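One letter stands for each residue in the lines below.
Protein chains: 2
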Amino acid sequence: MPLSVIKDLSRLTFSEKYDLDCILLTTCGGQKVARVDKATKLRNPLGVAIDLGSTTIVLYLLDLVDGKELARRTYENPQRAHGEDILARILYASKNDGLERLKDEVLDVFNKGIVELTSEIGSSPEDVYFCSIAGNTTMIHFLLGLDPSHICKEPYIPCANTLDILKSKEIGLKIHPEGEVYCFPNVGSYFGGDLLAGIIASGMHTREEISMLIDVGTNAEVVLGNSSWMVACAGAAGPALEGGILTCGMRAEPGAIERVTISPEDLTVTYKTIKGERPKGLCGSGIIDLLAELFVAGLVDPTGKLEPQKCPERMRDIDGETAFVVAFENESYSKAPIFITQSDIKNLIRSKGAMYTILNVVLQSVGIGFEDVDKFYVAGAFGNYIDPEKAVTIGMLPDVPLNKFVGLGNAAGLGAKELLLNQGAIKEANEITKKITYLEMNVRGDFMSQLTGALFLPHTDRSKFPNVWKKIKA
Amino acid sequence: MPLSVIKDLSRLTFSEKYDLDCILLTTCGGQKVARVDKATKLRNPLGVAIDLGSTTIVLYLLDLVDGKELARRTYENPQRAHGEDILARILYASKNDGLERLKDEVLDVFNKGIVELTSEIGSSPEDVYFCSIAGNTTMIHFLLGLDPSHICKEPYIPCANTLDILKSKEIGLKIHPEGEVYCFPNVGSYFGGDLLAGIIASGMHTREEISMLIDVGTNAEVVLGNSSWMVACAGAAGPALEGGILTCGMRAEPGAIERVTISPEDLTVTYKTIKGERPKGLCGSGIIDLLAELFVAGLVDPTGKLEPQKCPERMRDIDGETAFVVAFENESYSKAPIFITQSDIKNLIRSKGAMYTILNVVLQSVGIGFEDVDKFYVAGAFGNYIDPEKAVTIGMLPDVPLNKFVGLGNAAGLGAKELLLNQGAIKEANEITKKITYLEMNVRGDFMSQLTGALFLPHTDRSKFPNVWKKIKA
Numbered sequence: 001m002p003l004s005v006i007k008d009l010s011r012l013t014f015s016e017k018y019d020l021d022c023i024l025l026t027t028c029g030g031q032k033v034a035r036v037d038k039a040t041k042l043r044n045p046l047g048v049a050i051d052l053g054s055t056t057i058v059l060y061l062l063d064l065v066d067g068k069e070l071a072r073r074t075y076e077n078p079q080r081a082h083g084e085d086i087l088a089r090i091l092y093a094s095k096n097d098g099l100e101r102l103k104d105e106v107l108d109v110f111n112k113g114i115v116e117l118t119s120e121i122g123s124s125p126e127d128v129y130f131c132s133i134a135g136n137t138t139m140i141h142f143l144l145g146l147d148p149s150h151i152c153k154e155p156y157i158p159c160a161n162t163l164d165i166l167k168s169k170e171i172g173l174k175i176h177p178e179g180e181v182y183c184f185p186n187v188g189s190y191f192g193g194d195l196l197a198g199i200i201a202s203g204m205h206t207r208e209e210i211s212m213l214i215d216v217g218t219n220a221e222v223v224l225g226n227s228s229w230m231v232a233c234a235g236a237a238g239p240a241l242e243g244g245i246l247t248c249g250m251r252a253e254p255g256a257i258e259r260v261t262i263s264p265e266d267l268t269v270t271y272k273t274i275k276g277e278r279p280k281g282l283c284g285s286g287i288i289d290l291l292a293e294l295f296v297a298g299l300v301d302p303t304g305k306l307e308p309q310k311c312p313e314r315m316r317d318i319d320g321e322t323a324f325v326v327a328f329e330n331e332s333y334s335k336a337p338i339f340i341t342q343s344d345i346k347n348l349i350r351s352k353g354a355m356y357t358i359l360n361v362v363l364q365s366v367g368i369g370f371e372d373v374d375k376f377y378v379a380g381a382f383g384n385y386i387d388p389e390k391a392v393t394i395g396m397l398p399d400v401p402l403n404k405f406v407g408l409g410n411a412a413g414l415g416a417k418e419l420l421l422n423q424g425a426i427k428e429a430n431e432i433t434k435k436i437t438y439l440e441m442n443v444r445g446d447f448m449s450q451l452t453g454a455l456f457l458p459h460t461d462r463s464k465f466p467n468v469w470k471k472i473k474a
Numbered sequence: 001m002p003l004s005v006i007k008d009l010s011r012l013t014f015s016e017k018y019d020l021d022c023i024l025l026t027t028c029g030g031q032k033v034a035r036v037d038k039a040t041k042l043r044n045p046l047g048v049a050i051d052l053g054s055t056t057i058v059l060y061l062l063d064l065v066d067g068k069e070l071a072r073r074t075y076e077n078p079q080r081a082h083g084e085d086i087l088a089r090i091l092y093a094s095k096n097d098g099l100e101r102l103k104d105e106v107l108d109v110f111n112k113g114i115v116e117l118t119s120e121i122g123s124s125p126e127d128v129y130f131c132s133i134a135g136n137t138t139m140i141h142f143l144l145g146l147d148p149s150h151i152c153k154e155p156y157i158p159c160a161n162t163l164d165i166l167k168s169k170e171i172g173l174k175i176h177p178e179g180e181v182y183c184f185p186n187v188g189s190y191f192g193g194d195l196l197a198g199i200i201a202s203g204m205h206t207r208e209e210i211s212m213l214i215d216v217g218t219n220a221e222v223v224l225g226n227s228s229w230m231v232a233c234a235g236a237a238g239p240a241l242e243g244g245i246l247t248c249g250m251r252a253e254p255g256a257i258e259r260v261t262i263s264p265e266d267l268t269v270t271y272k273t274i275k276g277e278r279p280k281g282l283c284g285s286g287i288i289d290l291l292a293e294l295f296v297a298g299l300v301d302p303t304g305k306l307e308p309q310k311c312p313e314r315m316r317d318i319d320g321e322t323a324f325v326v327a328f329e330n331e332s333y334s335k336a337p338i339f340i341t342q343s344d345i346k347n348l349i350r351s352k353g354a355m356y357t358i359l360n361v362v363l364q365s366v367g368i369g370f371e372d373v374d375k376f377y378v379a380g381a382f383g384n385y386i387d388p389e390k391a392v393t394i395g396m397l398p399d400v401p402l403n404k405f406v407g408l409g410n411a412a413g414l415g416a417k418e419l420l421l422n423q424g425a426i427k428e429a430n431e432i433t434k435k436i437t438y439l440e441m442n443v444r445g446d447f448m449s450q451l452t453g454a455l456f457l458p459h460t461d462r463s464k465f466p467n468v469w470k471k472i473k474a
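Protein sequence lines, in the order shown, are assigned to chains A and B.
The first sequence begins at 1 in the working numbering and counts up one residue at a time.
The second sequence begins at 1 in the working numbering and counts up one residue at a time.
What you were told as hints is all true, and nothing was included just to trick you.
The list makes no distinction among identical chains, and a pair is therefore deemed to hold if it is satisfied within one copy or across any two copies.
Using 30 angstroms as the maximum straight-line C-alpha spacing, the simulated DSSO-like pairs for lysine-lysine come out as follows:
(1) K38 / K169
(2) K427 / K404
(3) K32 / K167
(4) K112 / K38
(5) K346 / K470
(6) K427 / K167
(7) K7 / K32
(8) K32 / K434
(9) K95 / K41
(10) K167 / K41
(11) K169 / K32
(12) K32 / K68
(13) K68 / K41
(14) K68 / K404
(15) K7 / K167
Read the hints as simulated data drawn from the structure, not as lab findings.
It should be emphasised that the depicted structure is a prediction, and the values quoted were computed from it without experimental measurement.
Can you build the whole structure from these sequences, using the hints too?
Written out as structure tokens, the structure is:
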């Protein structure tokens with residue numbers, strides 16, 4: 001019982017005639033009476049789970065007694081002003097008061113967000129007692145004001161992997177003064193707490209069956225294992241999958257084309273945009289759909305080459321390159337066509353090939369195959385939106401029964417929420433960090449040799465994608 | 001590892017090329033890396049033990065590695081300005097910012113003292129990592145700013161008995177920012193951490209033999225027991241024993257008469273003062289000596305009545321009362337005689353009688369006698385200075401073999417020092433609080449009935465003091 005609470009207790013014991021309740025905060029660090037008051041004056045304690053992404057920050061407000069999610073909000077990470085790229089931000093942190101500013105910017109979002117979330121339900125930040133934060137290693141370093149410069153320099157040693165439970169005051173988080181903060185531990189510079197939260201969310205660490213967690217993004221992060229063992233690795237899958245660098249790529253915001261179908265019979269293109277707005281560009285799931293549909297309709301060949309003669313009305317020469325138009329000028333929001341170019345497709349194939357190869361290498365490192373994996377959890381910013389069938393068609397994900405794929409969506413946020421409600425998860429998280437073997441993908445020779453075969457649609461080895469070929473033939 | 005240390009570690013790891021040492025703080029709350037630095041820059045960690053008395057505050061500076069006491073200082077408790085009496089201070093605390101002021105005054109002494117102690121050895125408060133504080137229940141309440149008003153009101157409930165280990169910052173103690181503070185727990189309003197520290201210092205809680213700890217003072221505090229059980233009680237023994245209220249009484253400061261002998265043959269009086277200065281008054285040990293010597297020399301009878309005709313040159317009538325002069329005008333510092341009056345002696349006998357009765361009642365509560373007690377630890381401000389033989393002569397302490405008496409001196413300070421060096425003592429202290437049965441002396445009928453017999457020199461029951469009577473006869 002902290003000194004401040006002892007003082008309250010002594011005063012209230014007599015004024016309220018021994019009729020008091022308390023908020024008891026239980027963490028792996030022990031139990032703490034965080035507040036005492038007349039029962040009628042105590043609201044259910046609240047918790048905030050935070051997915052601290054480099055692009056977006058999601059805050060979830062939960063009732064810690066009944067476990068209900070009461071509200072959630074998504075904010076842009078203001079650090080983007082100093083660079084979309086995480087390396088640019090690390091550089092920014094090294095200059096003058098850069099680190100301090102990066103810290104303050106994120107804290108401001110947290111503190112503002114907590115005020116907004118709590119006022120939404122007629123409560124206040126004082127009623128928030130616990131906060132769990134899942135972010136990658138660099139994001140957590142920024143948040144805590146820890147020097148991130150060694151994360152990207154040999155020997156790639158973060159300041160800290162596993163942190164104790166922190167006091168809210170220690171980091172400047174404005175919740176209850178006795179509130180506590182848990183940051184998911186990272187396993188190393190390239191394996192952050194966000195992925196650990198994902199593991200917790202998937203529950204793969206509790207089951208005997210082997211699962212694979214695939215976090216799709218610029219960096220593909222993969223975890224394979226079960227309750228006894230785990231291997232993990234991350235590799236640059238290329239940013240193409242996120243839609244960012246394609247000519248008409250965009251984030252998954254209203255107006256982004258997220259679904260595409262092309263009729264193999266008459267090559268009619270239909271699409272669906274987020275919130276049904278006029279199309280503005282293609283986001284990750286739309287791009288995967290598009291490539292898969294182009295391939296099945298025979299508009300790209302297995303090497304990824306567009307075949308202009310097969311659909312001349314949608315094939316154009318744009319800046320000296322062949323491109324396939326998804327939405328014409330009269331359909332789009334900006335009156336400019338939305339299309340995919342030949343080099344976009346090449347980029348995309350590099351990304352999907354890298355992803356598939358990473359999955360393969362991880363499996364081979366423990367001597368098993370895709371058929372030995374019970375579940376594939378697909379996470380990441382657009383993990384929930386990927387159509388596994390389409391991702392299999394382009395050879396990004398393996399050709400296994402589709403019911404083995406489970407969309408996890410924002411796995412980091414899910415894990416953070418899980419931890420708010422289940423203190424045992426802290427122990428689980430720590431155990432996972434000890435159990436994980438991290439494979440350094442960039443130094444593995446087999447990665448490069450295997451990649452070559454994956455730079456085709458779906459793969460040079462047809463036997464690996466029997467169902468895809470069955471469909472193509474059909 | 002606190003966030004601040006993680007930041008240092010990350011910086012120093014590279015600048016010092018992995019050549020670092022750390023200060024690891026181990027308490028019952030766990031282990032904490034309090035500091036990292038180049039080995040050559042780290043001094044041995046220091047600790048400060050504090051005896052927080054209502055009159056004086058003693059600070060001991062210890063090297064936590066080799067356990068040596070490096071320095072000590074004694075300060076007056078500045079709260080005395082608001083009343084010598086603890087009740088006066090509790091009243092003061094209830095008004096305006098009284099509690100805050102009482103707290104700040106003591107903290108100022110601590111902080112100033114720690115600066116002085118550390119600079120004495122060429123160190124600084126930053127090198128102090130742990131602090132143990134032994135004080136009575138009220139003193140600890142003042143120090144921590146806890147409302148003391150219920151300590152002296154029915155049902156006599158302190159704000160807190162056992163506190164967690166506190167952060168130095170939490171209470172405003174200026175030591176290392178990650179430093180920690182331990183306050184000895186109290187068992188109730190009338191059984192404070194100072195006495196608990198005394199138990200730790202005596203070691204009586206670790207032995208099978210039964211011991212008795214006697215803390216002599218305005219409140220006589222007594223603990224009886226061994227490693228399996230303990231009973232304790234406190235009772236007003238009257239302030240006479242501390243010298244405070246006698247006509248010529250004074251504290252044990254330079255010039256206080258601390259030893260007195262009266263030759264039974266020629267009634268020559270000899271005395272010894274503290275620091276050999278000219279006599280200013282009589283302190284506790286001097287008063288006990290004086291009464292014992294007066295009794296043995298036949299100058300007071302067993303009822304405590306002075307017999308003026310037996311030594312007319314030293315017996316005077318002062319303000320209508322008989323008085324015995326210890327130091328004449330020409331001997332004393334102030335040129336006024338130093339004496340003890342008939343009512344002083346009555347007060348003194350009440351005090352010693354109360355003390356003896358308390359000891360008896362405690363023993364009877366568990367059905368044993370003085371002969372069953374292996375050691376008598378005599379503690380308190382002047383515990384070390386009492387001559388047990390003299391105290392037995394007046395019937396304040398029981399007539400047992402003198403080698404059973406052990407002077408503990410400042411037992412609270414000793415216990416606080418012990419705890420700095422032996423973290424296990426924290427657990428021991430907590431176990432003791434659970435083991436102690438506290439007897440409410442003031443509500444025991446047998447106290448008053450037994451007191452009557454003890455209001456004689458040494459006692460109405462001669463069989464209880466065979467050795468004293470042997471001496472008297474001799």
